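A.B. asks: Just need the whole structure built from these sequences, with the hints factored in.
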Amino acid sequence: MTGDLGWVSGALALLSFLLVCTLAMRRVALAHAERRRLSTEERLRPIALALVEGESLDLPSLGAYESRALARVLARYARQVSGTALAHIGDFFEAHGHIAREVALLKSRRAWRRASAAHSLGGMASRTAIPALMEGATSGSC
Amino acid sequence: MIGNGQPLILVADDDPDILALVSFRLERAGYAVVQALNGEEAVQVALARRPDLAVLDVMMPRIDGYEATRRLREHEETSRMPIILLTARVQEEDIARGFDAGADDYVKKPFSPQELGSRVQAVLGRR
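Chains R and G are the protein sequences, given in the same order.
When we follow my numbering, the leftmost residue of the first sequence carries the number 1, and every step to the right adds one.
When we follow my numbering, the leftmost residue of the second sequence carries the number 1, and every step to the right adds one.
Keep in mind the hints are simulated off the structure, nothing from the lab.
Here the structure is a predicted model, which means the values were calculated and not measured.
Just to be clear, a hint being listed does not mean it is correct.
To be verified - Here are some, though not all, of the chain R residues that point toward chain G, as calculated from beta-carbon distances under 10 Å:
#, residue
1, Pro-46
2, Ser-82
3, Asp-91
Cβ atoms here follow ideal geometry from the backbone N, Cα and C, with glycine treated the same way.
C.D. replies: Right under this line is the structure:
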């Protein structure tokens, strides 16, 4: 009996240790991901600001992660600006296929994906997305 | 003015995105920019650098834009510096409060960077 208790307490201690290690590793991984996000956004900020200003620039070829980061920064900027700056942001999202991709996701079978697409489209400031958003809102799918 | 004759503008906002958007527009328009992340820092920077104009957010930590404006008006060095308030609060009483504090103009959020640039130019031109 005492031997069984010893095994059980040993197993529990080991599990606790593993859990703490997992949590610590997750914390490190999240901190690393956050640092990467911030540094990527910082690097792309001049490009995003030039796009908001409507400056013509040769967009460097960006990987998927960087493209998403640039879209995220522009979506944040879209909530802060109005007028031609907002139109420039909408133009960028339209020209790079972001609008079409998110509009297609409005028809997803998964509710969270439709909601996420509607939220993204709201931040992209594109007039062409309005009919699809209205349709989603009236059908209750968004 | 700084050494090369560029007017110096103080931009204060606790939101780094707005700080970047406003600063970028003003730099593109040919102004030099100094930044502050809260009202208290804005007052300190203004007293140290004596900018030609300040663009202050209303809702800032430590002291808000109204209080920062009041404090800047109390100092001899900054009492005549033009101040533009950047605010999401556009009720009549909020706007009146800004002018009562000593602001010269206000721009509402979300803001047009082009309009802000024009207002900065107009306010500086009047002085």
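A.B. asks: With reference to the structure, classify each hint as holding or not holding.
C.D. replies: Comparing the hints with the structure gives:
A least Cβ separation of about 8 Å between Pro-46 of chain R and chain G falls short of the 10 Å threshold, and the interface hint therefore holds. This hint holds: Ser-82 of chain R has a C-beta 5 Å from the nearest C-beta of chain G, less than the 10 Å allowed. Using the Cβ-Cβ criterion of 10 Å, the hint placing Asp-91 of chain R at the interface with chain G is not satisfied: the shortest such distance is roughly 15 Å.
Of the numbered hints given earlier, the model fails hint 3 alone.
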